[in-house]
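**Q** Sequence:
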Amino acid sequence: MIKKLSKIVISGAICLCAISMTAQIGVNTNEPTANLDVNGTLRVRSLEKTTNGFQANGTVLYIMGVDQDGNVIPIEIGENIVLENNILKVQLPEQDNSPEELPNGGQLNELYESGDEAVINNLDLGIVLPGDGRASWPVFKLENGSNDEEVQITGIRPAPNGTMAYLYPTSGSIMLRKNDNDSEPENRIEAQNNIKIKKNEMALIMYDAQIQKWIVVSSPQNDDD
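Going by mature numbering (1 follows the signal peptide of the UniProt record, and there is no 0), the letters in the sequence shown line up with residues -25 to -1, 1 to 200, in that order.
Keep in mind that the hints were calculated from the coordinates and are not lab data. It cannot be assumed that every hint is accurate.
Said to hold, decoys possible - Derived pair list, reagent style BS3-like, types lysine-lysine, alpha-carbon separation capped at 27 Å:
| hint | residue 1 | residue 2 |
| --- | --- | --- |
| 1 | K116 | K64 |
| 2 | K116 | K153 |
| 3 | K173 | K153 |
| 4 | K174 | K153 |
| 5 | K188 | K153 |
| 6 | K174 | K188 |
| 7 | K116 | K173 |
| 8 | K171 | K153 |
| 9 | K153 | K64 |
| 10 | K171 | K188 |
| 11 | K188 | K173 |
| 12 | K174 | K64 |
Remember, it's a predicted structure, so these values are computed and weren't measured experimentally.
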């Protein structure tokens, strides 16, 4: 009798172990749909934040979130988020703040015929994305070779909406001609007056894709000529 009872107890223990290894646990529910299904609130009494506690560092792959059905799910994190001593931090990419040149290192004097009036239509600054690989507001160094004559710009090729850029002439002044028909409509400069930027001064411009024009945000002076 004792041997039979022992066999029953051992068999029951084995069955319970097998069930516990495969069963779903439900809290406040008789029909769990996950390994641990909590139908209600969840509370953690304390989390250790001492220097002897768990410290995680490195690139964050996931954080935990909850969807509209209450399921706890992993949320992927972008590559610029890092974890330092249990604190999520944004790691901004390095930016190059040095002045930019025109595409292929070009200069303004290469874009108009020598001896003619120095007028450039549809100037290409080489902008692909707002601040791509550069500062948010890149500075474009506009050189005119050894020539100090004024260069007139009737338009600049469009850029993504909201793109800002500084124009920085380093040899002679430049004149931004307002709404000039010599450039394509989407390249023109919206302004009340022509804008003159003297040598070693700067003007900030922004492209507005809604009106398809460049806007002068700030400039040293206006010119009514």
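**Q** All the hints need checking, so say for each whether the structure fits it.
**A** Going through the hints against the structure:
For the proposed pair K116 and K64, the alpha carbon gap of about 34 Å is over 27 Å, so the pair is violated. Between the alpha carbons of K116 and K153 the distance comes to roughly 21 Å, so the proposed pair stays at or under 27 Å and holds. Between K173 and K153 the alpha-carbon distance is near 17 Å, which keeps this suggested pair within the 27 Å criterion. Between K174 and K153 the CA atoms are separated by roughly 20 Å; this keeps the pair inside 27 Å, and the hint holds.
For the proposed pair K188 and K153, the alpha carbon gap of about 10 Å is at most 27 Å, so the pair holds. Distance restraint check for K174 and K188: the Cα-Cα separation of roughly 25 Å lies within the 27 Å cut-off, and the hinted pair is therefore satisfied. A distance of roughly 13 Å separates the Cα atoms of K116 and K173; the hinted pair therefore holds under the 27 Å criterion. Restraint check for K171 and K153: the C-alpha separation of about 11 Å stays at or below 27 Å, so the hint holds.
Taking the CA atoms of K153 and K64, the gap is near 45 Å; set against the 27 Å cutoff, the hint is violated. As the CA atoms of K171 and K188 are separated by approximately 18 Å, the hinted pair is consistent with the 27 Å bound. Restraint check for K188 and K173: the C-alpha separation of about 23 Å stays at or below 27 Å, so the hint holds. For the hint linking K174 to K64, the alpha-carbon distance of about 42 Å lies beyond 27 Å, and the restraint is violated.
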